[in-house]
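Start from the sequences and build out the full structure, keeping to the hints where you can.
Listed below are the residues making up each chain.
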Amino acid sequence: MLVTGAARQLGGRFVRRIQRDPEVDRVIAVDAVPPAHHLGGADFIQADIRQATIARVLAETGADTVVHMDVTGTALGSGNRATVKETNVIGTMQLLGACQKSPTVKRLVVKSSTNVYGSAPRDPAVFTETTPPKSLPSGGFAKDAVEVEGYVRGFARRRPDVAVCVLRFANILGPAADTPLASYFALPVLPTVFGYDPRLQFVHEDDVVEVLRIASHEPRRGTLNSGTFNIAGDGVLLLSQCSRRLGRPTVPLLLPAVTWAGSLVRTLGMTDFSPEQIRLLTHGRVVDTVQMRETLGYTPRYTTAETFADFARGQGPGLVPPEALAGAVDRVAALAARGGGRPTTHSADSTD
Amino acid sequence: MADAKVIPFDDDRSRGSAAQRPARRRGTGSRRGAHTESGTGTGEMGEVQPLPGRGRAREDGPVSREEKPEQPQERSSGADGPGGGLERRVAAGLAFLRRRLTGDYGVDDFGYDEELTDQVLMSLLRPVYEKYFRVEVKGIENIPAKGGALIVANHSGTLPLDGLMMQVAVHDHHPADRHLRLLAADLVFVLPVVNELARKLGHTLACAEDAERLLAQGELVGVMPEGFKGIGKPFSERYKLQRFGRGGFVSTALRQGAPIIPCSIVGAEEIYPMIGNAKTLARVLGFPYFPLTPTFPWLGPLGAVPLPTKWTIQFGQPIPTDGYPAEAAEDPMLMFNLTDQVREQIQHTLYKLLVQRRSVFF
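First to last, the protein sequences are chains F and S.
Converting from the first sequence to this note's numbering requires adding 66 to each position, the first position being numbered 1.
Converting from the second sequence to this note's numbering requires adding 1113 to each position, the first position being numbered 1.
Treat the hints as calculated values from the structure; they're not laboratory data.
Check before you lean on any hint, since a few could be wrong.
What the hints assert, rightly or not - With a Cα cut of at most 20 Å, we get these calculated SDA-like pairs of lysine to any residue:
no.: 1; chain 1: F; residue 1: LYS200; chain 2: S; residue 2: TRP1411
no.: 2; chain 1: F; residue 1: LYS200; chain 2: S; residue 2: GLN1458
no.: 3; chain 1: F; residue 1: LYS172; chain 2: F; residue 2: ASP91
no.: 4; chain 1: F; residue 1: LYS200; chain 2: S; residue 2: GLU1325
no.: 5; chain 1: S; residue 1: LYS1342; chain 2: S; residue 2: TRP1411
no.: 6; chain 1: S; residue 1: LYS1392; chain 2: S; residue 2: THR1406
no.: 7; chain 1: S; residue 1: LYS1423; chain 2: S; residue 2: VAL1303
no.: 8; chain 1: F; residue 1: LYS151; chain 2: F; residue 2: ARG332
no.: 9; chain 1: F; residue 1: LYS200; chain 2: S; residue 2: GLN1454
no.: 10; chain 1: F; residue 1: LYS172; chain 2: F; residue 2: ARG279
no.: 11; chain 1: F; residue 1: LYS209; chain 2: F; residue 2: VAL155
no.: 12; chain 1: F; residue 1: LYS200; chain 2: S; residue 2: LEU1300
no.: 13; chain 1: F; residue 1: LYS200; chain 2: S; residue 2: VAL1303
no.: 14; chain 1: F; residue 1: LYS200; chain 2: S; residue 2: GLY1361
no.: 15; chain 1: F; residue 1: LYS167; chain 2: F; residue 2: THR245
no.: 16; chain 1: S; residue 1: LYS1392; chain 2: S; residue 2: GLY1361
no.: 17; chain 1: F; residue 1: LYS200; chain 2: S; residue 2: CYS1320
no.: 18; chain 1: F; residue 1: LYS200; chain 2: S; residue 2: ASP1435
no.: 19; chain 1: F; residue 1: LYS172; chain 2: F; residue 2: LEU247
no.: 20; chain 1: F; residue 1: LYS200; chain 2: S; residue 2: THR1408
no.: 21; chain 1: S; residue 1: LYS1392; chain 2: S; residue 2: PRO1372
no.: 22; chain 1: S; residue 1: LYS1259; chain 2: S; residue 2: ASP1435
no.: 23; chain 1: F; residue 1: LYS151; chain 2: F; residue 2: ASP91
no.: 24; chain 1: F; residue 1: LYS209; chain 2: F; residue 2: LYS167
As the list claims (entries may be wrong) - These stretches of chain S come out as covered by chain F in the derived footprint (C-beta under 8 Å, 3 or more residues):
no.: 25; segment: 1219-1232
no.: 26; segment: 1345-1358
no.: 27; segment: 1386-1398
no.: 28; segment: 1461-1473
Stated by the list, open to error - For each label pair, taking beta carbons as the anchor points, the in silico distance ranges come out as:
no.: 29; chain 1: S; residue 1: LEU1304; chain 2: F; residue 2: VAL255; range: 23 to 29 Å
no.: 30; chain 1: S; residue 1: GLY1389; chain 2: F; residue 2: GLU389; range: 53 to 59 Å
no.: 31; chain 1: F; residue 1: ALA394; chain 2: S; residue 2: PHE1400; range: 40 to 46 Å
Just so it is clear, the structure is predicted and the values come from calculations on it, not from any experiment.
Virtual Cβ for every residue (Gly too), placed ideally from N, Cα, C.
Dropping the structure here:
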């Protein structure tokens, strides 16, 4: 089994987990930079998937399953947007070319993202795998993901004997997540877009690793693991709910100001607050996970709310922790109960 | 007022009073005197709602469902509450406040915040509904107690207040405590603040995907197929139904086998009599029309206050769609026929209600 993008935290977790499965003989982890974490007993090969060397690696190792996890929004360590785009698109093309030449490859798993649906007010509220987006992502990671999926579809047409599985993950969160959204939630005060309360969906890292495992093995009886699947936890959280649960106050800004501030921050290189991130935090995005349940046969262990709770535990307390607010309300409640209640009544009470 | 273009349907009057007219909703509804229909008092269909205290009757639902009598809003400070339930209400209000502040509440996939809608947003709309437009609801029993159904209504009034009033009508009067999920134009979801409130009220984009998903979940979906053509039509064309889109709502209902309930709303046409349309300004602002009424925009914000007309919302007999074969949704002929049937029924009921109406304002 060959895993790309192993130097990332999530890739490393997957490599460590997959070796414990009896069906897996050998795991070859590939990335352009050596990983900071250990990879269990996996063999690490330092290779850049943008170069043709990846074909040699694949031919020499004779891997039968390729898990492509090197489609990401942020650069690892140093590197700008252009490098990321090149790794995503050119890397995928090289890897797919290598797979097409290789007679041993039987299964290809690609980690994609629900970013391919874009995020627009004129879209339906819930995306299924077949929903065409009203406005295609114009750039950034979302466009990369759309292009990567296009190449993967082409590959699936040319090699019908290879089982191809594209997994569109919602925003991945977890105690150790290092995604742009996680760093956004780590801000002491959350800038939001005035007048919009986006619906967000999260998927837990544990579930991500589990789904990747299911997709990279033979399908279980009654399930099918080739095709395109949305992967997300159950339920929806609004951004306002997220901020309250984290205990971080929000600063609503007008949409033009947010866009401008985002580009300013990007220019200064402080953080990668990309335009598609702003669109997500304006209009939100929710996907349908019926295919994941019924065809892939997987039920996530964490709902969206539980994923977020797990992530929030890993964060420091915010400026206004929800516990403190709850305690304050409880004290008022106790006071009211002792004082026999204030004369409070319903304002719309018009019937008497 | 200017109901001159209405043709009276005398034969329908007799039929209507026998079969379609439900009981008067207001026990004290003697405002309209013995003119047309108050005489029939408690009609044949029987009361769908207990008479005294409609507000309370509605709030009985939440009590049994989630142990929450009603929500004393923290900013209201009247002093006429009965002593017994007061402490409980304060406690419930504080529990509500606690949940809101800590984010410990749920929304569905469409962003519908049921708790906020029930406790706050409906309380804000109810005075408008009860006191300002004095909405009279008829035929609420035509809405099934469970399962998906598609309510199709006429659209008028420059601003979509009729949709909101229809939502309050279903929310407050339906015995099974159903919630209406409205389908709104894409403009609603582009505008800031408006889109946030619309989502929280359970509205979603008027597209086949969303409508089908809601119907499949067994929700009650409300749609106004006239769209901007209906809401932005000039005052001279009031109560004349416009084209019903492309009839997409029929094929959606057919695919889900959900009954179509025609709904006629009288009174919304006169809230903003649109005598002109500043098309250039509308194009600049990106709106489908920019209304000019006798008061707006001449009186500024004051001119945006709607006229206090008296409203009637009548839900008609459901049109079943489950008897058709699976491929019926693809049949354009059947779709046009059904669309016409729904349209005719709404138009017919509109005329009937207009004949019965004594005055625009009373």
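Hint-by-hint comparison with the structure:
1. LYS200(F) x TRP1411(S): Distance ~39 Å between LYS200(F) and TRP1411(S) Cα, so the pair is violated.
2. LYS200(F) x GLN1458(S): 35 Å, violated
3. LYS172(F) x ASP91(F): Given that 20 Å is the threshold and the Cα spacing comes to 15 Å, the pair holds.
4. LYS200(F) x GLU1325(S): 18 Å, holds
5. LYS1342(S) x TRP1411(S): Not OK: LYS1342(S) and TRP1411(S) at ~24 Å, beyond 20 Å, violated.
6. LYS1392(S) x THR1406(S): Status holds; Cα separation ~14 Å.
7. LYS1423(S) x VAL1303(S): Violated, at about 31 Å.
8. LYS151(F) x ARG332(F): 16 Å, holds
9. LYS200(F) x GLN1454(S): Violated. LYS200(F) to GLN1454(S) sits at ~32 Å, over the 20 Å cutoff.
10. LYS172(F) x ARG279(F): Holds, because 15 Å separates the two Cα atoms, which is no more than 20 Å.
11. LYS209(F) x VAL155(F): Within the cut-off at roughly 10 Å; holds.
12. LYS200(F) x LEU1300(S): Holds: LYS200(F) and LEU1300(S) sit about 15 Å apart, inside 20 Å.
13. LYS200(F) x VAL1303(S): Roughly 14 Å separates the two Cα atoms, so the pair holds.
14. LYS200(F) x GLY1361(S): 18 Å, holds
15. LYS167(F) x THR245(F): 34 Å, violated
16. LYS1392(S) x GLY1361(S): 28 Å, violated
17. LYS200(F) x CYS1320(S): Roughly 12 Å between the alpha carbons, so the hint for LYS200(F) and CYS1320(S) holds.
18. LYS200(F) x ASP1435(S): Status violated; Cα separation ~31 Å.
19. LYS172(F) x LEU247(F): 34 Å, violated
20. LYS200(F) x THR1408(S): Violated, at roughly 39 Å.
21. LYS1392(S) x PRO1372(S): 38 Å, violated
22. LYS1259(S) x ASP1435(S): 15 Å, holds
23. LYS151(F) x ASP91(F): Distance of about 33 Å is beyond 20 Å: violated.
24. LYS209(F) x LYS167(F): 27 Å, violated
25. 1219-1232: holds (count 7)
26. 1345-1358: violated (count 0)
27. 1386-1398: Coverage by chain F is violated here, the residue count being 0 at a Cβ distance below 8 Å.
28. 1461-1473: Three-residue rule not met by the segment 1461-1473 of chain S, so violated; n is 0.
29. LEU1304(S) x VAL255(F): 23 to 29 Å: 26 Å, holds
30. GLY1389(S) x GLU389(F): 53 to 59 Å: 57 Å, holds
31. ALA394(F) x PHE1400(S): 40 to 46 Å: For ALA394(F) and PHE1400(S) the Cβ distance comes to about 44 Å; the hint holds.
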